[in-house]
Amino acid sequence: MKPEPQAFFLPADPAAAAGGQRFCVHHPAQGEHLRGRIVYAHPFAEEMNKTRRMAALQARAFAAAGYSVLQIDLHGCGDSSGDFADASWQAWIDDLVAASSWLRERDEPHRQAPLWLWGLRSGCLLISAALTQLAAGESQALKLCLWQPSSAGKLLLQQFMRLRLAADLAGGQSRGQMEAMRQQLQAGQAVDIAGYLLAPGLALGLEAARLLPPEPATLVDRLEWFEISSRSDAELSPVATQALAAWSADGDRRVRSHLIQGPAFWQTSEIEDAPALIEASTAALS
Amino acid sequence: MDTQTKVLRILDEVLSLNGRSATFDRSTPLLGAIAELDSMAVVSLITGLEEQLGLVVDDDEIDGDTFATVGSLCDFVAGKLGG
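Line order of the protein sequences matches chains A and B.
Note that my numbering has the first sequence beginning at 1, numbered continuously upward.
Note that my numbering has the second sequence beginning at 1, numbered continuously upward.
Hints are supplied without guarantee of correctness; some may be wrong.
To be verified - Incomplete in silico selection of chain A near chain B, CB under 8 Å:
no.: 1; residue: Glu46
no.: 2; residue: Gln159
no.: 3; residue: Leu165
no.: 4; residue: Met178
no.: 5; residue: Arg182
no.: 6; residue: Ser232
no.: 7; residue: Arg256
no.: 8; residue: His258
no.: 9; residue: Ile260
no.: 10; residue: Gly262
no.: 11; residue: Gln267
no.: 12; residue: Glu270
no.: 13; residue: Glu272
no.: 14; residue: Pro275
no.: 15; residue: Ala276
To be clear, the hints were calculated from the coordinates, so they are not data collected in a lab.
Glycine is no exception: its CB is placed at the ideal position from the N, C-alpha and C atoms.
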């Protein structure tokens, strides 16, 4: 019988940066043998909304392939406690760690199964920032499955801040806005972008995040890196090539890159599917 | 492939136009005329141009006129590519 996904609220650790509870969906593994645990780190703001469908489809596909998958809605992201204005980078790191602990403590097979961290866009940077804390509770090295990662949070923050610029384009108010917003954040004030009140605690954490190999190198022994392009003649981006070289050079780690043809579903106007990505990701983990 | 073809391909993909951009020419109005071109789509479009055409857009050089028509957007991109 196919087990149904289970939704529940996970109470935040009293020592965590933000209290309350987090909305989670657990997809129990199908089949006799548990092949691994997977914790998903979602992107933020509009990208999170646009990618809900792909995340759900992939979570189900992983579960069907024998993985126990946990999706956690990070602090201030809608279904969990807090407003977006309260969200901070550190609270999100704590959430990811709490999610992995919950999954590990399910039972003995879960404790012994390897932990995969699966991220999309800013979620990949969050995983990277949380590696040391995530590894602390684990007996084995971590494994990463990264979807369309950005090598630097700075770029993602810039793209997000451009939303405000774009909204003001028609009124001709866009010039100088970026600098004004940066100054506001540096001064410790939140900025309103496309209806999201972006707090300095989130913006500055994201801006500083880099997708660098962990210290020590042994924390991570697998990296599956996925880039999606609509073009059939696409090549891996230069930034990705550089990042992958760094991850490959570092220690005894299996690093693979996958270039998948499909829509940029995290930003397209309509909600789109990338079935080839789901198929390739499911295959890559096994 | 000329600049206009490249720009229209990216526009079509980002806005999920399903090939509608094939009917566009230089005078086709964009900002304020195409419902799909909301602020998120403008950002995706800029990102798409940067990533797929390898150009770097300075935030202070973008204004409403850049996205007024297919022609103005193509001129902007051609200017960036031509250096």
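Going down the list of hints, with the structure as the test:
1. Glu46: holds (5 Å)
2. Gln159: Check passed: Cβ of Gln159 of chain A comes within 6 Å of chain B, closer than 8 Å.
3. Leu165: holds (6 Å)
4. Met178: The hint holds - Met178 of chain A has a Cβ within 8 Å of chain B, the shortest such distance being about 4 Å.
5. Arg182: Since the shortest Cβ distance to chain B is 10 Å, the answer is violated.
6. Ser232: Violated - the Cβ of Ser232 of chain A stays beyond 8 Å from chain B, reaching only about 12 Å at its closest.
7. Arg256: violated (22 Å)
8. His258: His258 of chain A check fails; min Cβ-Cβ to chain B is 18 Å, beyond 8 Å.
9. Ile260: At about 15 Å, which exceeds the 8 Å cut-off, the nearest Cβ of chain B leaves the hint on Ile260 of chain A violated.
10. Gly262: With a closest approach of 11 Å, the Gly262 of chain A hint is violated.
11. Gln267: Gln267 of chain A check passes; min Cβ-Cβ to chain B is 4 Å, inside 8 Å.
12. Glu270: Holds - the Cβ of Glu270 of chain A comes within 8 Å of chain B, reaching about 4 Å at its closest.
13. Glu272: Holds, because the Cβ-Cβ distance from Glu272 of chain A to chain B comes to roughly 7 Å (cut-off 8 Å).
14. Pro275: violated (17 Å)
15. Ala276: violated (16 Å)
Checked against the numbered hints listed earlier, the structure breaks hints 5, 6, 7, 8, 9, 10, 14 and 15; every other hint is satisfied.
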